[in-house]
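Peer 1: Sequence:
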Amino acid sequence: MKLKRITVLFSLFLFCFAAFAEFSIVNPVPGTWANKQTLLLVLPEGEIAYYSVNGSDPLVSGFAYDDPVVIDVAGDVEIRIVSIDENGRRTQKSVSYTVTEHSREEEDAKSFFYTFLNSPVYEYVPGSKIAIPSSFNYAIGEEDGEGAVIYLPAKTLSLSSDCSVSRYVPLTLTDGNSFWRGIIHVSSAYGIINERSVPFSVENWTTISFNDKTLIYSIDDGWWRPAGDPVEIDRYESHTIRWQSAAFESGNPIYSFELPPRAVLVEDRRADGSVVYSATQSGIYKISVSSRNKDNLGVKNTLSPGLFSEMCIDVFEGDSVSEKLTFSLYADNVYQGDLSVRYRIDRRPPAPPVLIPSVSGFWIRAPLDINIVSEKKSRIYCAVSSPLELESDFSAPVPSKDFFDSVALEKYTEFKGNILRIAANPERPVYNKISVYAQDAAGNKSIPSEYSAVIDVCNYYFDSGSNPTLADGTKERPFTSFEQFEFTRFLPRFINLHVRGKLVMPPKRIVLPANCKISGSDGACLVFAPETSFDLRVSSLEIENCAITKTSTDRKEAKSLFSLENAILSLDNCEIVALFEDSGSVIQSASSIVLFKNTDLVSQARSYSSLISASDTRISVFNCRVSAVAKTAVAFSLHGGHFELRSSSCKTVGSMGRIAELFGCGCRMTDNSFVGEISLSRASQAVWTDPSVKIFENSNNKTQGF
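For reference, each letter of the sequence shown is one residue, going -21 to -1, 1 to 685 in mature numbering (1 follows the signal peptide of the UniProt record, and there is no 0).
Hint data in this document are derived by calculation from the structure and do not stem from the laboratory.
You may find that some hints are simply not true.
DSS-like mimics (lysine-lysine), calculated; alpha carbons at most 30 Å apart, straight line [said to hold, decoys possible]:
1) K15 to K72
2) K481 to K355
3) K380 to K424
4) K496 to K481
5) K380 to K303
6) K412 to K134
Here are the in silico distance ranges between beta carbons for each label pair [unchecked claim]:
7) S365 to P132: 21 to 29 Å
8) T649 to D551: 13 to 21 Å
9) V338 to G34: 51 to 59 Å
10) N66 to P240: 26 to 34 Å
11) S365 to T649: 19 to 27 Å
12) R68 to S261: 54 to 62 Å
13) G34 to G396: 51 to 59 Å
14) D247 to S3: 26 to 34 Å
15) D200 to E65: 17 to 25 Å
16) E429 to R472: 50 to 58 Å
17) R488 to E429: 41 to 49 Å
18) R472 to V338: 50 to 58 Å
19) E65 to E216: 38 to 46 Å
All residues carry an ideal CB built from backbone N, CA and C; glycine is no exception.
Working from the sequences, and respecting the hints, build out all of it.
Peer 2: Written out as structure tokens, the structure is:
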């Protein structure tokens, strides 16, 4: 026969801390806040507290703390708190912070502030939703000491509807400039808040104490015995306890209670991260967390009082709790013993990975190494875009931010290591975008960290009309002078120099350390000083769409504009005007290749003028206009190599002059016009060749003045 009298209430509690623990200040915390702050204390049982604002003694002119209260003070605030425990021991603490009130004008933000910040705490019932306005990021819960506060994009927060947690939870909002902090109070439903009254007690599962001396007891149909010393039994099988009046008279009612086998805690971790605890033989056992066990004093998540078939522990997304809980287990509402568990509910994502590029800036001049720094034990997942080649022409507009943002990423894959290498295209600017997130052991994913850059190792831009203080050689901030370009720096095998407008070249010999192309636009003009020359050694220089001028005042032989040795020079759609004081050649070449296309060339001097003076060089001239002006004018002079001249107009002006002087080389000349304005009366040949010259083509060439 089972006893049906149910009597004893559980003690109700929300926060319990160890017997000699100091009180704690949950809120406010140091910082600058855009709203007035709630004072929220957690006091050990039996302790009282007094508080004051801005310097006064709490015990003299302070207020008694009963419940959370809004401190209605703005500006710099200091709160002093004194607590007094049951033994009269005093503990003092203080907290300082600043309030600079600020609100938002958006309707959803104003409505949320009114609901969330208009009272000391926001009362929350599990299962309901807290919709954070989209204009905010949020951080929730207390700092766990493992890193900085992590702010997450706005979302709707909720707990499982069967959550058994009662807890105060700080919630901080930010719009990137201001910070608002409030307190959520999670209020969960109680379980069955009574115990069954029986004349015995069970301690630690196996110890049975008989407390009522007016009764006699029997275990498992054994001998009846009076109350006395505790009895030890095993709990691997069921036991039956019986009792009746010690008078032992016939007809006495006999009561009984069945002790089931010892229970085992069952943990069920749901997909949403919440954890549900129950006991084996759940039809018999119920569980509770109460102040009966000191292990539960001071837990962050205080479970609701009462008996439950199962208890759910949950935290808001963005929060994390890890601690030890001791459950009290009851069979038929009679306490049987305790079972402990260390649980962790982690819905707080790791901090976003920090991406540290080897080179700063958006336009990068070298292959890029990105150092990925993340929290310990987190796994890294990385997505990259396909390299997007960009137009390098000066006339092509720089893509907009929206264009770059629209570039799609490939699939995220786990990245082993901490250095991500992004290669460069040797000839074209390439846009690269990467996104990296961290994932912790609980499966939480961080906010992705993104990095993007245009890697352009070969294109440099010049515009003398731009702002020199911001110049970095990119299309948006071009160099304004040639001196800003560092030829001594590490350069790839090929560089492309884009020139807009007039560019004054430095008065020195320019040695190109790499193969180079100079692309002109919008009236590009390279102005050579008398001392300026390009020195090509085992390299190439290609110039297109440029005018080139040089005026020399040196009475001695001036420097050539281009000096080649085992090199290649190509000019396309260019115009060169070189004015030498006494004598000079535009190009001096040895063992090289020179190519002119669609180009006008003028060389003028007093004594001697030459466009090209070369040895062992291959010269190719197509569709060009060539003029040499001097007392002695020779447009082309070649010793060894090969000379090719097609569809071009060539002119010499002076006392003596020739279109070409060729020695020991091959020659092809077709469809050309040779004009000579020669003042000396003796005959002069337009093209002079020595006997060793091999002429492979010589047709449709028109000669005048020779």
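Peer 1: Would you mind marking each hint as holding or not holding in the structure?
Peer 2: Status of the hints after comparison with the structure:
no.	hint	result
1	K15 to K72	20 Å, holds
2	K481 to K355	56 Å, violated
3	K380 to K424	27 Å, holds
4	K496 to K481	17 Å, holds
5	K380 to K303	50 Å, violated
6	K412 to K134	26 Å, holds
7	S365 to P132: 21 to 29 Å	27 Å, holds
8	T649 to D551: 13 to 21 Å	20 Å, holds
9	V338 to G34: 51 to 59 Å	53 Å, holds
10	N66 to P240: 26 to 34 Å	44 Å, violated
11	S365 to T649: 19 to 27 Å	48 Å, violated
12	R68 to S261: 54 to 62 Å	44 Å, violated
13	G34 to G396: 51 to 59 Å	55 Å, holds
14	D247 to S3: 26 to 34 Å	32 Å, holds
15	D200 to E65: 17 to 25 Å	48 Å, violated
16	E429 to R472: 50 to 58 Å	31 Å, violated
17	R488 to E429: 41 to 49 Å	46 Å, holds
18	R472 to V338: 50 to 58 Å	19 Å, violated
19	E65 to E216: 38 to 46 Å	45 Å, holds
Violated hints, listed in ascending order, are 2, 5, 10, 11, 12, 15, 16, 18; each of the other numbered hints is respected by the structure.
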